[in-house]
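Student: For reference, the chains in residue letters:
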Amino acid sequence: MVKLLRYVVATFVLAHRLHAAELPAESPDRHLGVTACNSVLCHNAVAPWRQGRVRLDEYRIWRRDDAHARAYDALLSTDGQRIGQRVGVVAEKAPLCLDCHTDRAVATGAQHTLREGVTCEACHGGAERWLESHARGASPEDNLARGMYPARDPVQRAELCVSCHVGTAQKQVTHRLLAAGHPRLVFELDTFTAREPPHAVPKASPTSAELWATGQGVVARARAALLASPTAWRGPWPELSGFDCATCHRDARDEAAPARPISTNGRMGVPRLDRAAIAPWLDALATRDAATAAALARAFDDFDAAVTRGAPDRVARAAAWSAQVNASVARTLPIRFTAADVEAVLRRVADCDQRRPAPTYLEAEQLTMAAQALLATRESVASLSADARLAPLFAGTRRFWDFAPTGFTTGLRTLCPHD
Amino acid sequence: MWAVLGASAGFAGDYTGPGACASASCHGSASARSDSAVALQNEYGTWRREDRHAQAGLVLRSALARRIVAQAELRGPAEAVPRCLVCHAPASIASATERAASLDDGVSCEACHGAAASWIARHTEQGWTHAASVERDLRDLRDPSVAVERCLDCHLGRGDDTVDHDLLAAGHPLLTFDLDTFATTLPAHWAPHDDNGAWFDGRAWLAGQAAVARRVATQATRPRAPTAWPDFALYECDACHHEINRDPSYPLHGGGERPALDAWFAPGWLAALDVVMPARADAVRSALATVATRGEWDATSAATIDAAARACAERARTPLPAGAFAAIGRALVTRAPGSFRSAQQQAWGLDALAVARGTTDDAAPARVAIGRLFPALKSLVRFDHRAYDAALNEVRTAW
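Chains as they are written, first to last, in our numbering: chain A, 3 to 421; chain S, 383 to 781.
Please note: incorrect hints may appear among the correct ones.
[Unchecked claim] When the alpha-carbon atoms are kept at most 20 Å apart in a straight line, the in silico SDA-like pairs for lysine to any residue are as follows:
no.: 1; chain 1: S; residue 1: Lys-760; chain 2: A; residue 2: Lys-173
no.: 2; chain 1: S; residue 1: Lys-760; chain 2: S; residue 2: Thr-742
no.: 3; chain 1: S; residue 1: Lys-760; chain 2: S; residue 2: Gly-720
no.: 4; chain 1: A; residue 1: Lys-173; chain 2: A; residue 2: Arg-197
no.: 5; chain 1: S; residue 1: Lys-760; chain 2: A; residue 2: Asp-253
Simulated from the structure, these hints should not be mistaken for lab results. Bear in mind that the values here come from a model prediction, so they are computed numbers and not experimental data.
Modelling step: build the complete structure from the supplied sequences, incorporating the hints.
Tutor: Have a look at this one:
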């Protein structure tokens, strides 16, 4: 009974806390730097401690294998320096770059820790109020109450990742930055969690498919918020990074027939917003609320057409679009999938009913990662990155310029059940 | 409606049709005649047989035209779309009754020379002068600055009658223009005489440069809906249409978030202004810098270009001092073109300037070197910067 009560209270606290959790960079809690965590007796164990809730070798995994540990170094690389020059900043000094390439909260403290890159506290939150208590064995609820970020919660984790991997109005990889050579941002929660590599003890729940769906909801919300941010609408162009790259960056040979279909909506030569910003979420949402998913698909097309037509009310429409996406995500997350749900989403992703127009490159990239997460869940395996069924999809999306939608679609449909 | 469209297409007066000019004793002679001071008299035959303008209307019935009309969502067929007809068979716009016949005639005599009804009967009279016809509706094509304005109505566009990005995306060929090169390529139905010397001493190139700059500025700043995006056709094609990679070869322009504006006309004209009217060159350079920084055309910059172009056209009405074209060529050959289209303009300009400075022999080293620029210019999307730059170095040596 006491146990149950504790569970109820904890759940309440957790739910309340989750709603209010500030991202680590936004919280006033002081960040203490990695040296507060990396004692051999704490999170720098030589080998994982198998009996516990945590492995205790997290620092080691992060330092050795996790690209986040080299995020600051990237600013000092030839590419990083050149990108900085092209946009007129010193990469290792500019907030534009430091906001995501290091733990910015540390920037107010000791300078040398900037070099550590995206550190423990960049994700888990400033340890000022919980470092000592958690070392003495405080409960997870207690840690959260003292300002640890709830990274274990899929929605909260997605929000955290997305704040850099998709961006916010304050932190974004704009077209200007892309044109200067910054890699294009791609994100899918399940794939990126698997590739990080994980430093958490594996759990049965959420499944890969649920993580995928959660991530897509949070990404869709963030992408819509970017389109609705006032900075997206200065001058005659909206912020170009919201568009499908291939809509402009395509071979402009003197041929009336396009080498690759680009727009599924409207005529040739008209830029289109990136459908991959919403399409994967609609695939997930359709298992819960098919009518809303269909309505959102239509709303996206309308909004898209209004943007490229230069409709006078396009800024208001962007806000309305963002609110609509936000409502669908808030109603649906957290999401749990039955085996039948996974099957249904897989059928949609692989387009087994042949309803979808040929995917754009950016959609194909997302469809590949979705297929991987869904198959892994269906077959209860950790990773399918070497699976022969997925190889043609990964190969087909390796290079943007060479993407062939027909071949990709054929490869994707091999995942459909043979009736 | 036709009258309104006719006015926008540059037609004043009544149209008569090419048949009215084609009599064997007028401009339809089987061969050129040497007994006429100003006309070869076989102009109609040259145009009909060799000049692609004569086929411009029939192109609208091609499979490509059908595809373009469908892709651009115009209300087809092409031979009934005013936007197509205005350039492919302009007489059909000027005169509804001539519509069917004019498709076969394409861009015929009056499309360039002006509607003939008011002067055709009288211009054969003894003592009638060219000036008397010009006072009516004859366009004074002996003056390149006058002629080029009519060329540009179609070869660059006039108002909304233009090949915008929608039409390009639908498969319409990209428009580009160089007066001297295009006039040289056109099967000539004229010969040099006392009153058309500007066409043969380099001034046609200069007049063309000024007119193109002015037309680009006018077109770019024409009134449009305030929320409308700028027409993509104003930007460098390859600013967007290029492979994405980690090593961008395109410099970021001042506009930052915007693609680079296409100032393909600028290098040749600036080289000329530096020699011919340096004060104007500075004003133009500064206006173009403003446009590049803003990533958008503005009325003040367009007005500066317009004034300079008018002054330049006026200057081209009288011969330039000896050595002027050689000096312009020297300035142009040292410039590194920023884009495919600038390179194309440079190559055409250098050839025109080489001839204008007196290097008329096709086998002369400079002309041969200029000829080697063109293989790199075959395709916009496959523009080989390095091959072009290497060939340009050879031209510098030979110039």
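Student: So, for every hint listed, does it hold in this structure?
Tutor: So, going through the hints one by one against the coordinates:
A hinted pair counts as satisfied when its Cα atoms are at most 20 Å apart, and S/Lys-760 with A/Lys-173 does not qualify at roughly 43 Å. A threshold of 20 Å between alpha carbons decides the hint, and for S/Lys-760 with S/Thr-742 the separation of about 24 Å lies outside it, so the pair is violated. The straight-line distance between the Cα atoms of S/Lys-760 and S/Gly-720 is roughly 17 Å, inside the 20 Å bound, and the hint therefore holds. Between A/Lys-173 and A/Arg-197, the direct Cα distance comes to roughly 23 Å. Violation of the 20 Å bound is thereby established for this hinted pair.
Proximity of S/Lys-760 to A/Asp-253 is assessed by CA-CA distance (about 15 Å); at most 20 Å being required, the pair is judged to hold.
Violated hints, listed in ascending order, are 1, 2 and 4; each of the other numbered hints is respected by the structure.
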